[in-house]
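Both chains are sitting in their own frames, so use the hints and assemble them into the complex.
These protein sequences, in sequence, are chains A and B. The first sequence begins at 1 in my numbering and counts up by one. The second sequence begins at 1001 in my numbering and counts up by one.
Because the hints were derived from the structure by calculation, they are not lab data. Wrong hints could be hidden among the right ones.
Unchecked claim - Covered by chain A, per the in silico footprint, the following chain B stretches (three or more residues, Cβ under 8 Å):
(1) 1160 to 1173
(2) 1260 to 1269
Stated by the list, open to error - Which chain A residues stay away from chain B? Per the calculated CB distances, all over 10 Å, these:
(3) 28
(4) 64
(5) 79
(6) 107
(7) 125
(8) 130
(9) 146
(10) 159
(11) 182
(12) 191
(13) 240
(14) 249
(15) 278
(16) 279
Glycine included, C-beta positions come from ideal geometry on N, C-alpha and C.
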Amino acid sequence: MDAGVDGDQGVSMHRHPRWQLAALLTAPVLWLVVAYLGALGVLMVSAFWTVNGFTGGIVREFSLANFRTILGEEVYRTVTLRSVGVAAAVTVICVVVAVPMAFYMAKVASARARPWLVIAVLTPLWASYLVKAYAWRVLLGNGGPIDSLLGGPGRGPGYGLTATVIVLAYLWLPYMILPIHAGLDRLPDSLLEASADLGARAGHTLRRIVLPLLVPPVAAGSIFTFSLSLGDYITVQIVGGKTQLIGNLVYANIGAAGNLPFAAALATIPVLIMVIYLIAVRRSGALEEL
Amino acid sequence: MRADSRWTTAVLVAGVLTLAACGGGDEGGGSGPGGLSVPRIEKLAALGAGEGEVNIVSWAGYVEDGSTDKTVDWVSPFESETGCKVNNKVAATSDEMVTLMKTGEYDVVSASGDASLRLIYGGDVAPVNTGLIANYKDIFDGLKDKPWNAVNGVAYGVPHGRGANVLMYRTDIVKPAPTSWGAVFDPDSPFKGRITAYDSPIYIADAALYLMKSKPDLGIKNPYALDDTQFDAAVALLKEQNKAIGEYWADYTKEVQAFKAGNSVLGTSWQVIVNLAKADRAPVEAVLPSEGATGWSDTWMIAAKAAHPNCGYLWMNHIVSPRANAAVAEWFGEAPANKLSCAQTVDKNHCTTFHADDESYFDQVWYWTTPLAQCVDGRTDVTCKDYAAWTQAWTAIKG
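Chain B on its own, in the form it takes in the complex (with noise of 0.2 Å):
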């Protein structure tokens, strides 16, 4: 026994004096949308010399250098153009890059809805100086000084771009074509088994957009404010769809291989995953259901304590010039943040297509958004769920 003890004692000793030694000045960063303090942290005042690299960030799809498809490359003009090396990493899912954000290591992220203001309240990146992006002026007006881009009129970043999760299908096999979510949420689907869906906590929000339209009695407005029935009506649709659901995805390479070799028929994906799965030679094809979609607005933000500003600045603006935002926006499948863009696009009605600049159109789209216990459409007289309780849900609904 005194032997066990004195373990114990060592064993704890050890850890108090790994965490007091890895501990020091880090303060639990306790400002909420409650309270509604954000963090001061200065703008970047004048443009230097680039460092010669840039840590990037992204979405799939965002940073092309050539090595997914020869013709799809706007990092290589931007390499020789700067001399800012790029080094990309993807994340999968809004939280992934929230986390890896928070590591310190990346200059420049092009954050969603449901992960910008986390970041903002956070203290992870920082406000962006639009005086030095030259392309900024010729942005959409739509897409600029928005709740998830801004706060108290303090730009925080440079609009990307934005479009709608979509459901794509096999077109050998998912026959007449869906228009409806409903395909997806049906129990009895002929598909079971085959049904995929995206693996991440925003994806309640898909559920409730579905309920929204199907079940208008729940009295849901806004998909990501939701009080506790809705929430559990939203949740319960879910556990039954988890029945006909073959696997979630979140690589979208993996999404690809799967509707590739017909383990997955029918789900939600995205454009650009639609793209390369019909390079892959995959009978497939997407729909943006009539119920409308959930969507995302990126934005480009700049790290709290970036260790290569300069070219992260540098990126922010290349990645919304004319050219290059409109090669990115043709190969995500997304509407272009620079109205110039639309001049650049091979296909010439991509805008359209896409409908930039058809604000009613957007009005159908749900950008993702972060839930917060303050619903995000305005009701006072209930609290919602926030994120960490949809977080939750997610790994219950997946059992």
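Okay, chain A solo, but in the shape it has when bound (with noise of 0.2 Å):
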């Protein structure tokens, strides 16, 4: 830009480009500042207040009670632990079947395939949650298709813990498929020649070669699918038969039970649990390599 055309102003941004910086972040600031941490900020400060068990109305007083209940009663810990089963599990499923897809997908299938592969893969995301989650229980009630294909009615798993582990492994599958297919998409054909070339047979060059390169794009898939699961109330409530999760406390306590500050103490949980796995995938070194 001239400054001699553009007056005064210009060369004012020119000479300050601290201000210049200012004035192009603000409104990003702002956004992540107040919307955003602001929003945190305000779920941790009524984490600490109460309700009066009564009139329901929200005692603004400061109160360890929410976490010395979330600490001392054992359903709490018990709830904590399946839910973070239940997001591990989907993961791993999500892993295990999202791999193999995914190089099929890059790899092995025609280029003209590849681009309908991928469509194939994102067509689930443009149906609704929830039409989704309400076939499944069609899907897996007693006499539904999964029995009859199980030979008759209660064989199939029914409602339950593993009715809502297959359930999210199939809602999250396409987040973990992406990520992965963007990584060996990435990874040169060369290399894998070369490999080969060099005496390296197809499971040698796998283990070798592939795998390595395909941590970084797992770890990415695994924080959508962990962290999805970890927050899931809405699967669990129509497949999850008597099961709950945390999601379910924080619903239960926000709809039903209209205890906001208790919900919030339920809801640092999985914020707490996330920000360990965070650290962990980024100790690993898988983040720096995306």
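What follows is the structure in structure tokens.
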């Protein structure tokens, strides 16, 4: 930009790069700090309030009662462990299913078929989450298609923890396939060929070349599947039978019991778990290679 | 480290700013049954013109506009008569009703006894000027001025009707037909994994009711007034029951589907759910077990800060008019509140079947009531578990 034409303002902007930066960053920083971190801050603060048990009015006085309940009652530990278990199982299933699928899509399928395969993986994302979950409720129902496939009413898993893991793995699979596919897509074919030329068998190539390169995309995908499963409460309600996860407890305390402070205190559990998870992923170095 | 602490400060400042921005003027609402101070709220003095719409929170089946069943419609006549468009929100539990009314977005609510007092003391609903409700004079005297719909002789709502929670079962699977709540509390039930229960802390009262008859030495006189020993016994019974539960229900459509598919074959239910399941050709029946049952006596209440008070009053008058009250009572399967409704029901025996004016029958039905620390059965030598304790126990029961 020409300072002479632009006048004083332009000159001062050039002379004060800090102002320039400030002007540029004000809006996004405001958004990040006020709307995003501010909301989290409110969550953290309200976790220390309590509710009048009778009228349901919020008592805005500092109290550790919520956290004492969470740490003291066994049920919250059980539910936390169960939620982490579900999230881990969903993530493992997604990895096991997604790696061969993504490998086929990126390396084996013909160049013409590849975009169509990506579209096919994406299509379930066009349908509503609720529609898919209720479809699974019908599939898993007593005497439903899955029961008949396994030999009659009551033979399938029915509603419960298993059903929850299956449906969540189905729902979040695209979020695992896409990053792995992107990672494999960037892997030059020449690398695989070179390995073969040097005498490595397919298994050896997979172990020494493909798998190490897969760690960052799998880590990225696992952040999606793990955090999405950890926060889910709708699928559990629909196909989970009597199963409770952290999300259900949060929802029950907001929607039914009207105990927002306790819900906020409960919501800090998944936040804490995700922070630990992210630190662990970062320590492993997977994030830097993305 | 310096950068870290700066971020922490930023987050805290942002949080405090946001709090300051949205926290103005809202007090804690500290009044409770201990102090028994009811917030002073004026009732509507005179009825004006309708505002064009009314926002309702109701139980499933209370506000029907023909979309569930073409012949079941008492909303359309109201809308064309008064010009008030009805926006209805179905709530699954009393807790949800209280939460929804606290948002301030709704004008009227069909509150059960375990919600009404919380709404009154919370300052969420206003007293009702019954002089503005023309049909109020025809309501059974047995329903007026009760502890759950009036405080110090001031009416806080218009009685809607009452009924009992029933035991629903699949006729093709559960043989012989159950006659006792023991069927759902049997740890060795042949229907293990296919029993269902209502997903709300208030269901603890169902266990207490069963213990009242099956373990008289616990000395339970009222299922909503449980001291520590009695409460622990009820919770233990429910934890035992949890092993036999397939799923808990709060959403009535889910309950209908579960009974139709056979995932649930036995459990607590409402008559309207029985009717819907039958209409869906599921082979189900319902009984009132020998122990009696928990039940409800519902009250239409108006929000303290209703945006559409006139349409709200018009609705409260309409829903207890002989014809509409008869229609809703038959559809939901409950006793109507209006005496004249008994002549308007399609089934002429409806009022007899549902014991509309049979007070001795309703002595066996324990209406949903909010459990308080001051025992609601009048005992003063012990402290009872309050609703907050019930809520937390419910989470622990489900495990």
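May I ask which of the numbered hints given earlier this structure violates, with the numbers listed in increasing order? 1, 5, 10, 13, 14
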